[in-house]
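Chains A and B are the protein sequences, given in the same order. According to the working numbering, the first sequence is numbered sequentially starting from 1. According to the working numbering, the second sequence is numbered sequentially starting from 1.
Some clues are possibly wrong.
[Said to hold, decoys possible] When the alpha-carbon atoms are kept at most 20 Å apart in a straight line, the in silico SDA-like pairs for lysine to any residue are as follows: (1) B:LYS19 <-> B:GLY50; (2) A:LYS67 <-> B:VAL49; (3) A:LYS89 <-> A:LEU34; (4) A:LYS83 <-> A:ASN58; (5) A:LYS67 <-> B:LYS19; (6) A:LYS67 <-> B:MET2; (7) A:LYS67 <-> B:LEU61.
Derived from the structure by calculation, the hints contain no laboratory data. Remember, predicted model here, so these are calculated numbers, not experimental data.
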Amino acid sequence: MPERSDLPQGTLDLLILQVVAAGPIHGYAIAQRLQLISRDVVQVPQGSLYPALHRLENRGLLTADWKMSDTGRESKFYRLTPKGRKQLKAEAASWLRLTEAIELILKPSGESR
Amino acid sequence: MMTVTLSPDAQGHLDRYLKQIQAALAGQSSVDAGEVERDVLGHIDAELVGEPEPVSAHRLLSVLDRLGEPREWVAQEQPSWQRPFSALQARPGDWRLAGISFGALVLTFLLFMGPIMLWPLPPLLVVVSFVVSRITIALLAEHGESVGTRGWLIYPPLIVVYGPMLIVLIAGPAFPIINLLSEEPSQTWLSSTVGLNKWIALPSAVILVVGCWWVLLGIVAAQATGMIRSLFRPFATWFERRHAMRLALTGMILAVIAIAALTIPRVVATTVSAQALLPARAVDPAGVCRCR
């Protein structure tokens, strides 16, 4: 079983935007998708997803419509807005820059061992 | 809306969980607690569909466990009134808020000294500079930054407010008592009541009142050290219960000294006069008898 880590603060929004970017999706499916993609390495309390979705919707990064899901229940389907797409692009680029910088810092000490 | 039926135990757990959600999201302006609750119910329902009904508490708890503690779902939101200030204290080493605070105080002094006071602007500016200083300190603490040399701008507005506050708190009822005893009838009444010269009676009475006030203040402060530290933040971070107890003890000593000053001269005077009268009483009856 892989060792689980807490999600770094502020990255949940980025992950949600990334998952929603693939197409309209409801909250429960996002939770499943996140769990699947992270392969249980990243620990995300599934409940934290819902306030985050509402927050992103209020910020105009997501838009939502109530539709019937595959299971026959009415669910809220989220889509990325143009503003959300722009935000995802900017945040993803920033995240990649940050991880590259951290990797650069950590590499020399790792090699010296 | 739940489509699955829960056992009474499971229903109890779910009700408690929904209350936790409401409590955790209360005051969060960016989310609607009711909508989140509906989404979470939908999530639980989707997880439990196909389970043998009524769904047991054990099965429900495993779903709730994955959902996590509602209070951990949202980061503590900054109060809306603090946001504009945060924008002015956004960067490390930012001097803007400190400058605004000190600027408001300087403007107050300029208005006081200038030809036009623009009443009530000066006291309002004092309040503004004080509030901005306190917010700056709170934001710096939040960002893990030290006040550093910004203290030269941040502390003066605080001292202007804390100084008088401290004097009023320490002096307590001394000012009204002094004011009352400054009038001749009160002085005469006190002197005749305690039977002492007013130059001993008046200071002793004031010291007694202040001593009793310090005892009371010390006892209250010992129970509310956190409140004192917060009231005089950041200057009272050192304040502890023992300091409050020292104040109460000092007050007690002052009160005892004042009581002694008010009573001992009278007791001494009574004793001395009683001793002076004793021989005369012993002789007088015999004299009376001889006369008869």
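Against the structure, the hints come out as follows:
no.: 1; hint: B:LYS19 <-> B:GLY50; result: violated, 26 Å
no.: 2; hint: A:LYS67 <-> B:VAL49; result: holds, 19 Å
no.: 3; hint: A:LYS89 <-> A:LEU34; result: holds, 19 Å
no.: 4; hint: A:LYS83 <-> A:ASN58; result: holds, 12 Å
no.: 5; hint: A:LYS67 <-> B:LYS19; result: violated, 27 Å
no.: 6; hint: A:LYS67 <-> B:MET2; result: holds, 17 Å
no.: 7; hint: A:LYS67 <-> B:LEU61; result: violated, 28 Å
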